[in-house]
Structures are given as structure tokens and as C-alpha cells.
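Peer 1: Protein chains in written order, with my numbering: chain A, 4 to 348; chain B, 4 to 348; chain C, 4 to 348; chain D, 4 to 348.
Just so you know, not all the hints are guaranteed correct.
Which copy is meant is left open, so a pair is good if it fits within one copy or across any two.
Stated by the list, open to error - Here are the simulated DSS-like cross-link-like pairs (lysine-lysine), alpha carbons at most 30 Å apart as the crow flies:
| id | residue 1 | residue 2 |
| --- | --- | --- |
| 1 | K342 | K251 |
| 2 | K97 | K342 |
| 3 | K53 | K97 |
| 4 | K167 | K251 |
| 5 | K281 | K97 |
| 6 | K53 | K121 |
Treat the hints as calculated values from the structure; they're not laboratory data.
Letter by letter, the chains look like this.
Protein chains: 4
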Amino acid sequence: MLRVAIAGASGYTGFELVRLLSAHPQVQLTMITSRAQCGQRLDEFYPALKGFCDLTFENPEAPRLVAEADLVFTALPHQAAMGLVPHLLVGGVKVVDLSADYRFRDPAVYQEWYQPHKTPELLSESVYGLPELHEARIRTARLVANPGCYPTSVILAAAPLLSKSLIDPHSIIADSKSGVSGAGRGASTAVHFCEVNDGFRAYGVAQHRHTPEMEQELSLLAGEPLKISFTPHLVPMSRGILSTVYAKLRPEVSLEQVDTAFEEAYRHAQFVRLCGSKSLPTTLQVRGSNFCDLAWRVDIRTGRVIVISVIDNLTRGASGQAISNMNLMSGFPEDMGLKLAPWQP
Amino acid sequence: MLRVAIAGASGYTGFELVRLLSAHPQVQLTMITSRAQCGQRLDEFYPALKGFCDLTFENPEAPRLVAEADLVFTALPHQAAMGLVPHLLVGGVKVVDLSADYRFRDPAVYQEWYQPHKTPELLSESVYGLPELHEARIRTARLVANPGCYPTSVILAAAPLLSKSLIDPHSIIADSKSGVSGAGRGASTAVHFCEVNDGFRAYGVAQHRHTPEMEQELSLLAGEPLKISFTPHLVPMSRGILSTVYAKLRPEVSLEQVDTAFEEAYRHAQFVRLCGSKSLPTTLQVRGSNFCDLAWRVDIRTGRVIVISVIDNLTRGASGQAISNMNLMSGFPEDMGLKLAPWQP
Amino acid sequence: MLRVAIAGASGYTGFELVRLLSAHPQVQLTMITSRAQCGQRLDEFYPALKGFCDLTFENPEAPRLVAEADLVFTALPHQAAMGLVPHLLVGGVKVVDLSADYRFRDPAVYQEWYQPHKTPELLSESVYGLPELHEARIRTARLVANPGCYPTSVILAAAPLLSKSLIDPHSIIADSKSGVSGAGRGASTAVHFCEVNDGFRAYGVAQHRHTPEMEQELSLLAGEPLKISFTPHLVPMSRGILSTVYAKLRPEVSLEQVDTAFEEAYRHAQFVRLCGSKSLPTTLQVRGSNFCDLAWRVDIRTGRVIVISVIDNLTRGASGQAISNMNLMSGFPEDMGLKLAPWQP
Amino acid sequence: MLRVAIAGASGYTGFELVRLLSAHPQVQLTMITSRAQCGQRLDEFYPALKGFCDLTFENPEAPRLVAEADLVFTALPHQAAMGLVPHLLVGGVKVVDLSADYRFRDPAVYQEWYQPHKTPELLSESVYGLPELHEARIRTARLVANPGCYPTSVILAAAPLLSKSLIDPHSIIADSKSGVSGAGRGASTAVHFCEVNDGFRAYGVAQHRHTPEMEQELSLLAGEPLKISFTPHLVPMSRGILSTVYAKLRPEVSLEQVDTAFEEAYRHAQFVRLCGSKSLPTTLQVRGSNFCDLAWRVDIRTGRVIVISVIDNLTRGASGQAISNMNLMSGFPEDMGLKLAPWQP
């Protein structure tokens, strides 16, 4: 049994990690931390989990984590993560970090969008944890940077088109819509039920921090630096992201080439499902699961391709993908503990 | 492996049965039926289930079902169920019936609230499938009548108080609130998003058909015939029932006696969780699970006890409980395939 | 033109007052206060109101309010209200207080459920502002205590039955369900979208502070002291209250007597609509309006009457009713500025 | 008083027309039609409107409409409208048509996206009823084609940029999100609460019929034919449209030029509000009103401008704009009866 701990377990991604790990046959959850809830039992804080976990929140002390766990999920705010992760690595523990701290190859990009990096030397070692792109490197990594929720949905939508050079790489526009759990569990007027209900809105237009993360991975696929337009929106629902990705097709590209690109890219992907030409996916059909469902349409009137991508932001966009990464890092099948049907309705 | 079929698999309870059975280690789903969807693949009708079931809907023919299955879930409308169930039993197949057709001991009660019964002789054999009350009889039954969603929530709330004679049995009022999936998947203006959203309402006041079902079971517990007031309401949410049950305490009954009644009644129940005196349950904490979570308060000002009961109407209120019954009828542990953490948020 | 000010205008009831007053032909809104938003323009804080109000939030200073207004709506938390109201009255200003501070005849009741009262001498003067019960006294009042949202819905449901002695006054149970705006605009985990969505729950069971307010008014109608059971619930919707009120009919009371009681009680009520025996009201049909819609059923099986009452908690349950009271206190028709059709869908 | 009738009054746009007209000081609603509800009182069908309208649905017979009304709103499905409108015009009645039948200058475009047109000769006469673009012609029109909901939101967002030649006209992408009332009141699985709730989805990708309507008006503004990419999405909320419009800025265009374009375009618009550089609009801030609120951002990284536009699809996107058009056609102030504050929360 792999001994696993969660640093920062009181939020929604923490809940989701506990929920999923409770059904994993090869994992023993040994420790959970939360400064704010320190000393409280998890199942008092989250009565839903009564009978599934009898742990008590502790403070996130590196020595205790090193002693208790073989692998730690760090579900902390960015900047807090890079204060803890190096100590875990030194202690010989593997880490799947759910923050943004280890997602960038280039410390200058991190500094531009976040703040100066404290441990830039780890950036060359950490692996961007999108299994469809980096499975081999994830398998041998000590430190995996779990992708952001929006980037997961957008990169999987655009990757086949870029890697086959079917689109103009400078024409990509990603219009994404997320459920409210993506904003975290903290109280604020912005997530007050009465402000969200019937209140669809955009935010962070042209300046959301997930933009450079998408650009890094999409540039790698394109083989040249590219920039994209990315607009996130808040949907009155709890879970789910739908991204609508637009790009200009290169001249003479046919629908068949587009179809083939997606089919080849995801032939062996366990958690990508292709919708076919007759249906369009809804966030409901992946809710609570690790799937990314994809559909695409070629618009001959405008010469553009439109890709629709849906994921569950807490599962595929965070905790489920983190467990996929843990599985790969530990030699387990990628889908161990994750073969759960989506929640509907 | 137990070979299992679902007659009437295209609705929400059908989806939920397939979802849950796909994670059951001792079951093989062999056949699904739906007149309306006959010939269509389940995973085209429900893209969420792609990868979990490759069956195609067939017509509900008894000989095919008898040939394919050891146990059949009949998730048909009432009246349709009693047209099929006798043929299955004759063929040697066990049945868990999710309709109302076999829930009543007394055919006259069924006739008063529904219509004349076609096979009243089976009513004495069928067992009311609430495991907390009838586990022993369920284990040996050929035919189990799966309880209604509202009755499950109300009977579990009131049972300990009646069986210990702590309340006036003629004072019970059950005010229940249900998510919209309880109305089924059929299209109607009543379940149009815009009619439900921000539109909380009561329906079937003083005449809902789940009333006599509750009265039958509560009368058995009280040892005398009783009648209750039951009012169902429609909540703008997809899943979940919360029942608020009021009753007059008998003179001199103490809070300690009430506490003890609940603790003793559910000490060995695998799917009932007691909330304690400091918290009140929400439908969210049982969503997608087979739990019934209970809390109660004694109001000394009015001499009443108020019990709050939450379940997921599709899981505990229908398909999850049906699988519990299947487990008991098949000699499996009651919670096999059902040890899944609730969905939150 | 009546000069009107709002003390405490930044919350939902403040917004609703501004919205409604902006359409009132005889009112000039002259001043709005909010400690937290002091110095900010209302239409920056609430962009929805751009073009409807160009005022800036000020601190709630009594001398300024006295100078600027003939009538002040105090939409402050309880306890804060009683610090300001006496100064306004001394200054010759009329007051409609939306807090609980002046709703009780008996300071001991206020003290038991809230805290000691600072100005108990004003309690005998203030009038409980439910126009259907106290219209004549409201017309001549200096100080009107605007009813709570739950009490408005419950008292209007039970009043005809009590005033005609058709029910056992000690048998009343009020099971109420409210949209989230009733909890106010303040940020907290309890009103986080993801905690409310799909998360129906009860709260304050057997101890909610609106209970004694209902008991005061219902006891007056019954002509004897009575106690009720009251349970509030939180519905995943923004606005609306539905109360289901149960009571034991006195022996021999007929449906006709019940019908007549409601028809006579509300024959001249401008803001109560009776639904008839064939339909049941939904919160949607009164949303954004000052109406209370009522339906009732006599259950001969149990000898109980069930009354369903729906209001908009922010309009009839707060700001709309406050304007009704202002109209009566100022000699305007009760419905001036309030003849607006409900919002649907 | 202007005598007004509504042909097709039983749907959501019909309800909204009645709601708004009931507050209009110069209009008398004289007749409403609905084949399906013929013979039923409106306030029985919509109890919300009790006290606001005592009319009964009639069949849509042209002679009756001509006799009863000076102006008729035709809120019928496309194709049905063009069967009735010519008869009304011949009878001397003015018409505001809410269907698509008279929106296109070119019958070939109508035929390509809908079906052959029965009265193409009226297309040159009818005026596209977007007051910000065509106010002068609307004032003298007999027949106004009320714009579609999506086109209203998109055209108002892009118009200032095109009319000042600030963008590449072939680069426009409109990603729109609508509440469910846009789908109408008819029952279908697609609008079942449980399918919509938590189920955000795109539909009609690259083939929605509102596309050519936008292209017609935007081409006029650009002075050259253009095509756009338009993707509609369904949001789990009842009302509201938010459109996110992307376009490539022409070289050297500055933020100041963009700001000026919007300010000049809408300086005299009574129902367009500009949000400024610090805030982004939500659908909630225009709900129930006739406003279109606009914000924009220039993204220097990508050379694109992003415009966010919000409207209420039933008010500005249908019935409110129809009344604006009626006002202009009748010599009333454009905002008569429409000066109502938005609904929040």
C-alpha cells in the first residue's frame, strides 16, 4: 500500500482527493493538513465523509509529512506550495503539486504572472502533469505539477490540431466557462449564491493567470512560440468546465484530416472520449469523473475549426488528474481507483 | 457472477442502476429494456456511460429476461410492472420491483390509491424492501417491493419513535421536499427549467400516493392503525429529499429516551448515519450515496419532536436501495458495490 | 413629494427599497447610508441601478437624516436600529424599521430571544406593520415595525382560521422554506453557491427568532396565548418563501367555513390573492411583487387543514411591505408604486 | 390610448409583453391569442398576472385583430408569422413581428437558413428593429422586424468597432451564452431541469440561424460583406444573454480610439450603458430590464479587442425591445413604460 498525505485538505480539491482515494485499492491515506481546521476531525468538517476517513487535520509540518507518507499531494495556494515542496523532496517523498508553482519551465514567465520564484532550480525537474502529453516523463518524476483546470480543458482541445499543423497557431481563441467550485471554498460576495444564481459573467478578461500555462504547452506542440486569447466565465453551477476553442484552419485542410488528428491523438488515452459528429458534450456527462469529452466542427463558411471540450474541474481539472499522476509515478495503472461512472443527473 | 437485467432502463433510476452496477464486483449486467429506445445503444442515449456499458435497449420480453438473468430490476411505471413480474417469478427469476405495485399488504389500499390489482395473491409474498425494518425477510424473498423515495425518508425518521412508543402515533406530520429527478425524465412543462428554477412549490397536498405506503409501515411499527399528514414539495435541485417530520411526544418523554431510541434502532444499520445534537444534515452530504442521515430536536416549548431526514432520492430512494435488496437476496454483504462517498459539492 | 432616506442601504433590502422607490410617483429619495460603503456611489456598488439613483452612501448620522428626510427606512441589524430610531423620532421624522427591534409588545419576549431592550418605552407605541391586521393603527403611527419575512407568510396563512376559531390554536405547525437572499448579502460559507446548490437544508430548528413574533400576532388573533412549531429551511433559489402551515380543525368545521374565512378576511386586501381549489401557488408567481398568494386544503382523513402561502421575501417580506406601510403613514393609497407584475420566469 | 393586441401570447415573450404593457401609461391591451390555450383566461394560465389582465385567449383571426387593435405584436413561430402579418397590414394595423420572418433584406438568405419566403415583397419595406441603428426608419415603419436575442447582444457589441473601421471585419467571433427561457416554454427533454442544471453545453455550432441576421447588420456597418463565427451555449439560468465578442484590431488602433467609438456610438442611447474600464457586467445587472450593458478590453499581447455584452433575452432580446419599437412607431418616447430598474438578486 502506498502511504499518501494531503497538505491542504480542507478545500474542495482536498475533499475530492479524499473521496477518490477512499475508493483506491492501493492507497492508504495517512495524514491530512489544514492550518485553519487543525485539530478538527475531517468527518466533522465534512459530514459527507463520515465512514470514509477518520483522520484529524494537522498542521502542515514537513517532517511529519515525510515520516507519514511516500507521496504527498500539495493542495495549497501558490507561493505556499513552494515553501513546502522542496522539504518534501529532500525527505525522499514524491510530490504531486496542485498549485501553479511548478508548472512553468521559465521562471521569468512565473515571475511575470505570479511573483519571483523561490526555487527556480526545481522548474527544470518538475513535469507538467498532463498524461496525454507527458506520460513517460511523469512515470519517472519526483515532482509533478498538476495542470490548472482551464489549461487541461483547452490544451486537450487544441493539441491534436497543433501537433498535426492543421491550424494557424496564432489564431487560437479559448472561451471557457467554469462552475463555481473552481473559485475555491472561501467565502466572498463573488461566490454568494444570490450573486451567482442567474448571474453569468466573464472575469479576468485578457489577464487570467492560466493563459501563460496554456501558451507554454501549446507552443511546445506548435514548435514555435504562440499567444492565445483566453476568457474565463463563471457559470451558475457547482462543477464543470466547457471550453470553446476557435482556430483558423490552414488552407486546404479537410474535415477528414481534423477527424484523424483527434482519433490518432487520443487512440490510447484512457480518459479522453470523442463525441462524434452528431452530438455535442455537456458538462453533465463528465461530472464527477476524470474524462475529457471532445467534439469539433469545421465551419467551411469561415474557415475555422471549433472544438468543444468538457471536464469536471475538480476531478479531471484537479484531484482526479492528480491521482492519475500518482498512479503513473507509482507504477499503478493510470486509471486505478478512477474507473467511476459520471454523476448524472 | 450474478446475471442481472433491468426492465425499464432509460429513465433516471435506470441510469442510476447501471452506474452503480458498473462498480459492483459480483454482478454482470446482461440485458436492458426500453420500449421507447429499443434498438439504441445505451451509451448513445447516455453518453456519460460510454466505456461503462455496451448494451443495446431491447423490448421487455419475459422469456428473454428469464433466459438472460438470475435477478431482474423492474423499473417500470406502476401497472406495467404487475404485467411483467409474475412471468419473471414463474421463470424462476428473482425480482426487485421499483414500482408501487407490490408495496401494499392490502389489495384494497392499492385499489383505493391506484387501481384494481391484477395479482393480489403476490402481495402476501412480496417483502417491503426497507432493510432496516425487514432484513431477514428480504434475504429469503423472491419478490421485493422497493420502497418509494418519500416513504424511505419518512419511515426511517419516524420508526425509532414509534417502535419505542415515544410519540402520539396520530400526531405525525411529514413535510417533504424533493429534487426534480423524482418526477422522472419525461418532458413536461412542470419540469421545464424555467418553471422550476426559483419556483419552489407544493403539490399533491393531502392526496399523494406515497401516503398509504408510509401509513402501512408506520402502523406496523406503532402496533395500531394510524394516519399521517404528508405534503411533498418540489425543490429547484436535481437530487435529494429532505423530510421534516413532526410528532407530539408522549408525556414525560425525555431527550435522552429519544436519543437512545435512534441509537439503538440504527446501531447496526450500514446506511443510516446519526448527526448528533450540534449539526443538521443537508441533502448535499448524502448526494449520490445510499445513506440516510438523521438529526432530531426535542422542542420543550411545544412538546414536539422534530426529525430531519435526508436521502438521495435516486440512490437510497430508488436504485441504491434496490441494489441493497439484491445484495441481501443474493447472499452478498448489504453494502457490496455501494461503499461510495457522497458527491460534494 | 415625500422626502425619504434609507439607513443601511447596501444590503439586499436596501437595493429593493431603492428599486421600488425609483418607481414611486410621490417619493424623493434624498439620502442613503452605509458605514461600510461610505463615500461610494450607489450605482458603482450596484451597477444595475445606473440611471436610477445618483446618491452616494453616507454615514448614518441622525442629524443629517432628520434634516434630509420626512420618513426614514431603517434597514439595520437589530440592536443597531434601536440606537438610531429614537433620535429620528425626536427629530420629528417618521420611521419604518425593518429590524426586529420594535416588533414586540413585551420587552421580556424581546430580551428572551434577542437581548435587553434599550428603549422599551417605544414598544407600546410602535405598530406591527402587517397592513391586513393593523391598517388603521399604521395610518397614524410615527413608528412602524416592519414584520419579519417568515412571520408575514405564516401569519397571513393562519389568521383567517384563528380569527374565526376554526382550528385548535395549540396545533399550529409552520414549515417554511426560503430563498437565500433572506440570509442577507454578507459573505459566508453557508451562502457559498456550492454549499447551497443541490444542498437543501433546515436550520434553527425549534429556536428561530421569528417564532415569538408569529406567536405574538397569532395569540392576539386567537384571543389566548399559543405556541407554534416553526422550522425554516434554505432553498437553492435567490428569492421567495413558501410556508406550509398545518393545524387541527375543530370538530364539525366544514370546507365551506374555511373557504369563507379566507374570502372574508382578504376581500379588501390589495396584496393577498386566493388561489382557488384547483391550483397551488409557486414562489415564482409572486417574485418581485408585494403579493401573498394563498391556497388551502382540508384533509378529512386526518382532520387537518393545510395552508400554502407564498411571498417574495425581499418584497412582501421586507421592502415592499415597508413601502406599503410608508404609503399608509403618508396618506397615499396602499399600493402606490407597488402595482408591478411579478417576475416570471 | 393605443389599442394593442398580442398574437401568440401564451409563451414567455407573450408573458413579458403583458407584464410590460400592464405598466405602460398609453397602451390598452385589447386582445390576446393562442390556439393552444383558446378559451382560457390568461390569469388562470399565468396566475402571476392575476389583477393585471382579465383577457381570455382567442384564436388568431386577422379580422378580429384588425378590429380590435391599432398595433399587433406577432409573437408566433417563424413561418406562422408570415401567414398573418400581411393581413394585418392590409387592414391598416401596424405590426411589430417578433419572429425571424421579416428580418432579412434578401429573400435568398431567408430561404437558405429557413425556408422559401411567402411574401418577399414585404422584406424591402420591413425595418430591422434595433433602435440604436435604425431609429429614424422605425419611426415611420408599418412593419418592424424585432431582432433576435443573440443578434441584439452581438450587434450592439460590435457596431461601434465596425462603423469606425477599428477592426478586421473578417475576424469577428461571437461566443454567446443564454438562459433557458430563450428556448421557449415548450416541454422537451432538452429543457428538463435535471438536464440543464449543472449541464452547461453548446448547441448549433456553426449553424445557428441567428448567424445570417448578425452578418446582414454587421456587413451594413462594415460597408462590405463579412462572415462571423457564432456559437450559442445554454446556461443553467432562466434569463439573460452574455456575448463575448472577439475581433482583431487594425494596426495602430489605440485603446482611446476604442473607448471613443463606444462613447460616441451610444451617447444618446437610452438603453445602452457602458461599464468603464474597472468593471465587467453580469447578466444579473440587466435582468428584467431593457438595458444592454457593455464592457471591452484591448489585449495588446494578441492585438485583439474583447467586448462583453449583457442583455435580458426576454426583455431587450424580445418583448422590451418590441415595446421600444412600438413607442417609436407611435410617437411616444422610446423609453415609455420601460423605465424599470433591473431585478436583483
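Peer 1: All hints, please: hold or fail.
Peer 2: Okay, the hints, checked on the actual structure:
1. When the C-alpha separation of K342 and K251 is checked against a cutoff of 30 Å, the pair qualifies neither within a copy, at 36 Å, nor between copies, at 43 Å.
2. When the C-alpha separation of K97 and K342 is checked against a cutoff of 30 Å, the pair qualifies both within a copy, at 24 Å, and between copies, at 29 Å.
3. Only within a single protomer do K53 and K97 lie at most 30 Å apart by alpha-carbon distance; the minimum there is 28 Å, versus 33 Å between protomers.
4. Taking the shortest Cα distances, K167 and K251 sit within 30 Å of each other both inside one copy (14 Å) and across copies (25 Å).
5. Taking CA atoms no more than 30 Å apart as the test, K281 paired with K97 passes in neither setting, with 43 Å inside one copy and 39 Å between copies.
6. For the homomeric pair K53 and K121, neither the shortest alpha-carbon distance inside one copy (39 Å) nor that between copies (44 Å) is at most 30 Å.
In this structure, the hints that do not hold are numbers 1, 5 and 6, in rising order.
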